[in-house]
Amino acid sequence: MEQAGATMDVNGAPYEVARLLGKGKGGYSYLVRDADGVLRVLKQIHHEPCAYYQFGDKLASELADYRTLTRIGVAMPRMLDVDEGAERILKEYVDGPTVYELVLAGDVRPAHVERMRAICRGLYAADVNIDYFPTNFVVQGDELLYVDYECNAYMQEWDFEHWGIRYWDRTPELLAYAAEHGDEVRGRGAQDADEGPAANKEETS
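Mind the numbering: the sequence shown is residues 88 to 292 in the working numbering, read in order.
By construction, these hints were calculated from the structure, which means they are not laboratory data. A virtual CB, placed ideally from N, CA and C, is assigned to each residue, including glycine. Among these hints, one or two may not hold up.
In silico DSS-like cross-links for lysine-lysine, where the CA-CA straight-line distance does not exceed 27 Å [as the list claims (entries may be wrong)]:
1) K112 <-> K178
2) K178 <-> K110
3) K145 <-> K112
4) K178 <-> K145
5) K110 <-> K145
Here are the simulated distance ranges between beta carbons [unchecked claim]:
6) M242 <-> G124: 36 to 44 Å
7) E267 <-> E201: 39 to 47 Å
8) A205 <-> Q243: 17 to 25 Å
9) P197 <-> P259: 37 to 45 Å
10) M88 <-> G124: 22 to 30 Å
11) D96 <-> E201: 24 to 32 Å
Given these sequences and hints, build the entire structure.
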């Protein structure tokens, strides 16, 4: 894992690491600056074992998934460059809160969930799922952007309604994840988790 201030190259172009954004099943994502000071995201593929997921060629899968989601029309940060030798992907940086940050602050709105459902209609029609965990989505105005590129063949048990939505409000699953990672739950009371996801509240009100 790289530290702030380190330099990472993509096809010979240097990028200074500002901070680690997160670690996923397939790689580490860093906020970096190019030579002009423009913020980008650099994903470094890793080969650490994952107990619940089997990988083939991670970089090739990521590139194929990006093409699939682009074809479906999912809003994502643009892929700017790929360094196949170093297994690095350079992306646009999308500024804004993640849905996970909004959940922690009690600020997820029904409109966010409805926007996710609109995205799902296109995905399901193409027989595709994405990783619906809220850290993978950034809110920019009325837009919801998927900042990961991972996608998989559709399976009902892993779609938004059956899995992803469990983490889009202060559910027991979300609160357990936040506690495990030391993330502070702020804003409205955590007891609201007993009422279920925001989308379900909207439907039953």
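Hint check results:
1. K112 <-> K178: This hinted pair holds, its Cα atoms lying about 18 Å apart.
2. K178 <-> K110: Cα-Cα ~16 Å, so holds.
3. K145 <-> K112: The hint holds at about 10 Å.
4. K178 <-> K145: holds (16 Å)
5. K110 <-> K145: holds (14 Å)
6. M242 <-> G124: 36 to 44 Å: holds (43 Å)
7. E267 <-> E201: 39 to 47 Å: 29 Å Cβ-Cβ, so the 39 to 47 Å window is violated.
8. A205 <-> Q243: 17 to 25 Å: For A205 and Q243 the Cβ distance comes to about 19 Å; the hint holds.
9. P197 <-> P259: 37 to 45 Å: violated (21 Å)
10. M88 <-> G124: 22 to 30 Å: holds (23 Å)
11. D96 <-> E201: 24 to 32 Å: violated (42 Å)
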